[in-house]
Amino acid sequence: RQAFGDVPVSKGTSISGTPRYQYSNIVGIGLSKHGAPVGSKVLQEIKVPKWIASGNTDIKSAFLGALFDDEGYFRDTPTSRQIVFKAAKSLALKKNLEEYLCQIISMLDSFDIETSGIRSDQIKKTKNGTEMISLRFWITRNENFQMFRKHLQLLHPERIEKLNNIRRSGIH
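Here the sequence shown stands for residues 18 to 189, where the numbers follow our numbering.
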């Protein structure tokens, strides 16, 4: 609301029962004017906009929280507790994907959240023959989960619950 004012928001639930929010195109237009990609992210170069990457901690925190709300995976199984960030691009844009993930890792590091290195996940061909690569990194260890929770604000109820479970299961 601070950035876009009172814009219409449609609240709903996905088929799987996940809460879903759809914002007016005013938000999309505003985001694109400030560096957000327009169209398919997998077929174009992207980077964290400079005003975010070099912004204050509130800006970085809001960006990272929204990013992990949307694209993060919170794993809490008996053998694995981690927060995973995975992204895919056309194989021709692998270098850009690595640079983008490095930007995200650098911002996490500014909050003392340690990550793994970037690892290749898989290479697949789409139906139209485009080779796609997935890269990922992850966050482990309770200290990092605590820092994540302290500094990044998640809004998605399922993500918040999973993060809290990950944090609790690491406390003995």
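Honestly, I wouldn't trust all of these hints.
[To be verified] In silico lysine-lysine, BS3-like type, Cα no more than 25 Å apart, as pairs: (1) 67 - 28; (2) 64 - 28; (3) 141 - 167; (4) 111 - 67; (5) 67 - 144; (6) 179 - 144; (7) 103 - 142; (8) 67 - 112; (9) 64 - 141; (10) 167 - 111; (11) 58 - 144; (12) 144 - 167.
Don't read these hints as lab results, they were simulated from the structure.
Status of the hints after comparison with the structure:
Using a Cα cut-off of 25 Å, the hinted pair residue 67 and residue 28 is violated, with the two alpha carbons roughly 31 Å apart. Between residue 64 and residue 28 the CA atoms are separated by roughly 29 Å; this puts the pair beyond 25 Å, and the hint is violated. The suggested pairing of residue 141 with residue 167 is violated, with an alpha-carbon distance near 37 Å, which exceeds 25 Å. At roughly 21 Å between alpha-carbon atoms, residue 111 and residue 67 fall within 25 Å of each other, so this suggested pair holds.
With a CA separation close to 35 Å, the supplied pair residue 67 and residue 144 exceeds the 25 Å bound. Of the supplied pair hints, the one linking residue 179 and residue 144 is violated, its CA atoms being roughly 34 Å apart against a limit of 25 Å. Taking the CA atoms of residue 103 and residue 142, the gap is about 17 Å. The hint holds against a cut of 25 Å. This hinted pair checks out: residue 67 and residue 112 have alpha carbons roughly 19 Å apart, not beyond 25 Å.
Proximity of residue 64 to residue 141 is assessed by CA-CA distance (about 23 Å); at most 25 Å being required, the pair is judged to hold. Of the pairs offered as hints, the one joining residue 167 and residue 111 is violated, with about 32 Å between alpha carbons and a cut-off of 25 Å exceeded. Restraint check: the Cα-Cα separation between residue 58 and residue 144 comes to about 17 Å, which is no more than 25 Å; the hinted pair holds. Under the criterion of a C-alpha separation no larger than 25 Å, the hint pairing residue 144 with residue 167 is inconsistent with the structure, at around 42 Å.
Of the numbered hints stated above, those contradicted by the structure are hints 1, 2, 3, 5, 6, 10, 12, listed in ascending order.
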